[in-house]
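S.K.: Spelled out, the chains give:
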Amino acid sequence: DGGITQSPKYLFRKEGQNVTLSCEQNLNHDAMYWYRQDPGQGLRLIYYSQIVNDFQKGDIAEGYSVSREKKESFPLTVTSAQKNPTAFYLCASSPRVTGELFFGEGSRLTVL
Amino acid sequence: GIQVEQSPPDLILQEGANSTLRCNFSDSVNNLQWFHQNPWGQLINLFYIPSGTKQNGRLSATTVATERYSLLYISSSQTTDSGVYFCASNYGGSQGNLIFGKGTKLSVKP
Numbered sequence: 020d021g022g023i024t025q026s027p028k029y030l031f032r033k034e035g036q037n038v039t040l041s042c043e044q045n046l047n048h049d050a051m052y053w054y055r056q057d058p059g060q061g062l063r064l065i066y067y068s069q070i071v072n073d074f075q076k077g078d079i080a081e082g083y084s085v086s087r088e089k090k091e092s093f094p095l096t097v098t099s100a101q102k103n104p105t106a107f108y109l110c111a112s113s114p115r116v117t118g119e120l121f122f123g124e125g126s127r128l129t130v131l
Numbered sequence: 112g113i114q115v116e117q118s119p120p121d122l123i124l125q126e127g128a129n130s131t132l133r134c135n136f137s138d139s140v141n142n143l144q145w146f147h148q149n150p151w152g153q154l155i156n157l158f159y160i161p162s163g164t165k166q167n168g169r170l171s172a173t174t175v176a177t178e179r180y181s182l183l184y185i186s187s188s189q190t191t192d193s194g195v196y197f198c199a200s201n202y203g204g205s206q207g208n209l210i211f212g213k214g215t216k217l218s219v220k221p
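Chains as they are written, first to last, in the working numbering: chain U, 20 to 131; chain G, 112 to 221.
Treat each hint with caution, since some may be false.
[What the hints assert, rightly or not] Result set (SDA-like, lysine to any residue): computed pairs, CA atoms no more than 25 Å apart in a straight line:
#, chain 1, residue 1, chain 2, residue 2
1, G, 216, U, 57
2, G, 165, G, 128
3, U, 90, U, 115
4, G, 213, G, 180
5, G, 213, U, 75
6, G, 213, U, 77
7, U, 76, G, 112
Hints in this document: simulated from the structure, not taken from any laboratory. Here the structure is a predicted model, which means the values were calculated and not measured.
Could you build the full structure based on these sequences and the hints that come with them?
M.R.: Written out as structure tokens, the structure reads:
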């Protein structure tokens, strides 16, 4: 089935550690996105990529990094520089023409 | 940038009731989507509706772009409709860069 796969679904890390969240899509979408959601809040854009080997910062990029080496994959690294990393992270993709977003199931990160 | 405001923030319904959720946006847009976030956190696409009216079963949506609002109608609500409903609208050059409202939390009681 076509879709967006995020892993892991749950992740715990100690302060000071980097962690990488995986996002893979087989929808043949050009664009991919990472959003962050905090409890009781809407989603905020971290990074997005409209084409392979290119990506742009969103509203809250500090403390995060991404890469886009393949069309299907857009991993997100939460670095130790991110001051409040505990959150729900959602990956999305869209066809470039319409921009209609489709989301994965999310990854819940907890920093201990 | 674009502001997206949703109302009401919370809504409690008896099963079988109808409801209307509203989304106001502050600037002209060419991408407007409605999502349902289920209790497990997954965001489900409901409608991609930059303008006009669409229907899907008990749900329908209308966007009046010239007046900068969109409405989501839920008829004959069911307990499985519970969750948070988000509208989102784009900004900037990329159509997919969406700004999300804070959501409407819907609870449908049996």
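S.K.: Go through the numbered hints given earlier and state which of them the structure violates, listing their numbers in rising order.
M.R.: Of the numbered hints, all hold.
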